[in-house]
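**Student:** Spelled out, the chains give:
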Amino acid sequence: MIAEQIVNGVVLGSMYALVALGFTLVFGVLDKLNFALSELFMLGGFVVIASVGLGAPLWLAGILVLVVCGLLGLVVEFVSFRKFTSADAQVTAALSSLAVGLIMIDLVQKTWGGEPVSVPVPIEWRRANVAFFGMQIQVMKIVILAVTLVLMGVLHWLISRTAMGRNIRAVAESPTFATLLGIDVKRVNQQTFFIASALAGAGGLMFSLRNGIASSDIGFTFGLKALAIMAIGGMGDLRGAVLGGILVGVIESLAIQFGFGKLGEIIVWALMILVLLARPGGLFGAAHTTEQRA
Amino acid sequence: MFDRRQLLASTAALAVAGHAPLALAADKPPIKVGSILAMTGIGAVYGILYNAALKMAVDDVNAAGGVNGSKLELLQEDDQLQPSQSVLCFRKLAGMGAVVELGPLTGTSWETVAPIANAMKMPALCFTASKAGISAPPYALRIAPPDDTAIPEGVAEFMKLHPNVKKIAIAGDAQEASGAAGMELFAKMAKELGLEVVATASYQTRTSDFSPDAIKIRGANPDAIFISSLGPTSLPLVKELEVQGFDKPILLNSLVWAGAGFIHAVGTAGKNVYTIGFSTNDVDPANPKYNDYVKRFIERTKTTTNLPQPVNVCNTTLPYDTVFLVADIMRKAGIDGTTPADKARELIRAGLDGLKAYQGINKITLRDTGDGHIKCHLLKANAQTKQWEYALAPDQRIKTPAAFKARG
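Protein sequences appear in the order of chains B and C. Per my numbering, the first sequence runs over residues 1 to 294. Per my numbering, the second sequence runs over residues 1 to 408.
Hints in this document: simulated from the structure, not taken from any laboratory. In this text, all values refer to a predicted model and were calculated from it rather than measured experimentally. Note that beta-carbon positions come from the ideal geometry of N, C-alpha and C, so glycine has one too. There may be inaccurate statements among the hints.
[Unchecked claim] Straight line, CA to CA, 16 Å or less: simulated EDC-like cross-link-like pairs of lysine to aspartate or glutamate:
#	chain 1	residue 1	chain 2	residue 2
1	C	Lys289	C	Asp60
2	C	Lys166	C	Glu196
3	C	Lys356	C	Asp368
4	C	Lys271	B	Asp88
5	B	Lys262	C	Glu73
6	C	Lys32	C	Glu73
[To be verified] Sample of chain C residues with no beta-carbon within 12 Å of chain B, all distances over it, derived:
#	residue
7	Lys121
8	Glu242
9	Lys380
Chain C on its own, in the form it takes in the complex (with noise of 0.2 Å):
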């Protein structure tokens, strides 16, 4: 017969024998995924948002039971949008044992840490920087696409859109490696286009005044401005060229359409403003995966950021396909949480190299440069609703992309 206490017991191991396959997954150490974002100061808007899509992603990986049985685990550092810093979080992030490292936002930041990504063999995966070039493979690689091909696809689409515009002014932040490479871009693309420059307007991401500048830029005359700053440092200049009575076309890098703040703020302003990305907040029918993920999303930011409602999807896609890219690899690669940080690394890095295209909620293809490729269209800003809309209707929009060599 068995006694009480003796039944407790051989309950207990038979609980404990049904779910050892259980207990043990969720023994296993989680693995670290490390995140660089601006979650202060100027660049907070855009890290607070990147943030929610990366725990989105961290939460929706772990409730699908994990990476080999280990949960993910996101450390996240904020770097305040300054390269300096974003270096610090790095070696700080590299020192916590994270076995990959997911951003930082900048231009300035990604060409700062990408070069030290190799040197420490840490995989680093950006999903935002717009300046082209600066990725740096086989640790450092970029899943956004950069402005070489974002920039010609959006003046592509401005251009049919306004075939009347003959001469412009190009004006952006000189002093952010992003904003910088964009003016480059779109002197190059007028160029091309055989388009006039007639006034260019350089100012600094702290520029406070803009005055100056839309004085300059009005007295030019053009017919329409191309811009290429963050989104803090183009509203106000887009704000003072309203003021000023400047009514004509403006075109902004992708640099704006990325962060929830610029749409919720440029008001009557943006009544011609145009930006170039790849997805709105509207529903794309062909797109079931991202249906499901902006309206999540939009529901899940309500409750988890004081960000201005409803918020701006953007890309907040990329860093979301990012970890569940990253998980991928692991899986495939059999690293779990009790993996050496050194060897998942490098790991990681051979899933990286070999990767070619990446099927999530977007369909990215790499390139030979270590970026990612994405078709961009222009938007236009809907000061009614706050939202970026697709500027030409779905059989208008030019689905040519701009020229870039993929991976081979």
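Chain B extracted, bound-state conformation (with noise of 0.2 Å):
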């Protein structure tokens, strides 16, 4: 069962991670906090719900939340983000998001009201399991594993090897100099915030196939996991929102195992606290925050 708890936690983290990559991908670039992500997350469920009833194919349905959230990222960067961008401006900006958010939520619960929807995923699908060294893997775990990995590795890849991730990193090492070097700043924030946004509904999307629900309420408790997971990797570092959703992933799992599942969210943020004293810049902050955007 403990190995079984591991395997559960190394996918349930993953989800975390994406979610996690989405923030910190903004902040690295803005160093502005987007709290509407959580609720692009929880919104990746219900465009799925929609996109089905109209007669789309689940993997239409996919594409589309990819798109869906993508664009309602840029909603949000307009609306949020583009007319504050001096640096005293951080809170007004991160409250702005917060509310767009909110609207979403009320949107989504005029819909389809407040109690979780089932998502349209045959139950064989979801109870597919391949046996493993003793455990039970269902084969949708397989399949979210796999498609974060794909997700990350291509984000990865945007960020390191194309014009377009060097542009990102050029504005989140200094938008002024960016500018001077003829990068376009306001395109280049339009595309971090279509990324992070398409990243947070992947998230909620595969969060919903895996329990067959989308739910107006679960952005919220996903989304503070997600800044936790954040702070705990290193603000700004991609590679510490992935190893901290993980991390986070694991942990929360074998605490249940262990029988120390009513303490639910504080396991997160205990943890958060440790590592932060421990270092303070988080796993990866502090030593490598030059040397990644450089």
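Hints are included, so try docking the two chains, each in its own frame, into the full complex.
**Tutor:** And the structure:
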């Protein structure tokens, strides 16, 4: 059971990591927190429900999640961040993104109600499992892990090997110098928001497929954990977000196995405090920030 | 000779004189009745459902002439299922002149509000919370049967249906008062019945992923699971258990029976799911009043809510009964809209003091704890119809209620 819990924790953590990556990406580029990402995660499941309801097959619904959430990310960028460019507007922009997220929750609740809604995934898909060294592992978990790894790989490639990634890193380092170098900072911001939001939507998509439900209040819980994970991994560090997510997922799963489930989210926050006490910059933050952004 | 102006004035005077009592009644200010429900957030699906029942009751009372010539006016406050918010709402309603408060919904909120009701000398009547021992007479009474009678009654029928169950797992929301209390009662029942508890999984109201809990439970290989948490929290756990291939009976306490979402969303995972309650959407041949309520409530909620259809009537009869109970007390005490709020509250408190039983749609017996009792039964989820049904035929159901002390 312990090995099975560890595998389960890695899968769970990979979904945390996707949202944390979104937070990290925006924070790394703009130095601002985009709280609406939590609700874009929540929206991922509902876009699947709406798409399938309109007759789209699941694979197309998956693509639509990325596109819709990405586009909504552009809306968030325009509404909550475009005008707040000064350094002292961090709180205003973050609050504005929080407000946009609350509007998303309200709209979802007005459309689908306040309780969890079933996601139309054939139960056979969700129940299919393989035996592996005495463990029972759902195929869906393997698929989620694979998709998450692919998305993380694509993100890494985008950031480190493409012109767009180079521009993102330049803006993260210094928007002023990036402008002087002829980089369109506004476009880079939009690209960053699109990617971060699509990642959050992908996380929500996989979460809803795995659990068979979409819930309007899931974003808050997941978003808070993703923020803690960002701090654990190191603010603005992509590797930290991935490692922090998996670490939190595994620790949560093991805590439940050993009877500490009632502690709930305290575990995540206690872990964050411990990590920050030992390494104030997070697991990667202090030592690698400059290198990562160079 | 009358000129036209005098004729009109005389006619108007006659008309007013002829309808004087009616005109006076309509002129009386309304009696303010407060309610605290979760209308947004995780508990909205409960709040919307109960609000529909409260409004229907208030409309029915008013259509029948109101109370001593005054209409009832429902003041609705949204606590978002947050106990701290419930307290603020309660104080706000008192400030607005409500003479009685109905709600809040959860045990956590009720045990927070009940002492304040006594401190502020404002009657409060809860019609849902299931944690036992938290009502606070004389001002704070609960009409609903709490889990200390509902769980023993439900488990007794569950064991009658599944006599081979020997090992159980207990899971529940340790953060929410009713969830945690339900877990303790399940453990107590297991001990009394000689059942072995092979695993316990505690989680929180906002737990987002239940796969670790399901793995733990499945690994312990119980014959059945007893779960105590609200519908939105229980649903993902039940779904996860299905995914992990657990196909043994699952008994959930009444927290999932109430509300509209669980039964509509549980799907095939509801194959072996049971809960505890005292009514279904089905016709009750012995209770025409109930049948009329069900028909009207389902019809009304089609147009007034965005709840999944057909709605689950569940315990919505209780807020309806509560409004009529309060109206009866006010009628007998001579309360109308002109009665000062403080005096009206005292009169209602006095009326509640003497209450031993109430026959509305439900037959409610008042206990010395300040809680109600209605005989509960085992209900089974029907995934096809998306309705709860009695798990046992009428002649198979256990008629003897759980032990409790009625008001003396």
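**Student:** It remains to establish, for every hint, whether it holds in the given structure.
**Tutor:** Structure-based check of each hint:
1. Taking the CA atoms of C/Lys289 and C/Asp60, the gap is about 13 Å. The hint holds against a cut of 16 Å.
2. Distance hint between C/Lys166 and C/Glu196 is fulfilled; the C-alpha atoms sit about 6 Å from each other, no more than 16 Å.
3. With a CA separation close to 9 Å, the supplied pair C/Lys356 and C/Asp368 stays within the 16 Å bound.
4. Distance hint between C/Lys271 and B/Asp88 is unfulfilled; the C-alpha atoms sit about 56 Å from each other, more than 16 Å.
5. Our distance criterion of 16 Å between C-alpha atoms is broken by B/Lys262 and C/Glu73, whose separation comes to about 42 Å.
6. For the given pair, C/Lys32 sits about 5 Å from C/Glu73 by alpha-carbon distance, which is consistent with the 16 Å threshold.
7. At roughly 34 Å from the closest C-beta of chain B, the C-beta of C/Lys121 stays outside 12 Å, upholding its exclusion from the interface.
8. In this structure C/Glu242 is not separated from chain B by more than 12 Å, as the shortest Cβ-Cβ distance comes to only about 7 Å.
9. For C/Lys380, the non-interface assignment is confirmed: its Cβ lies about 19 Å from the closest Cβ of chain B, beyond the 12 Å cut-off.
Against the hints set out earlier in the document, violations occur for numbers 4, 5, 8.
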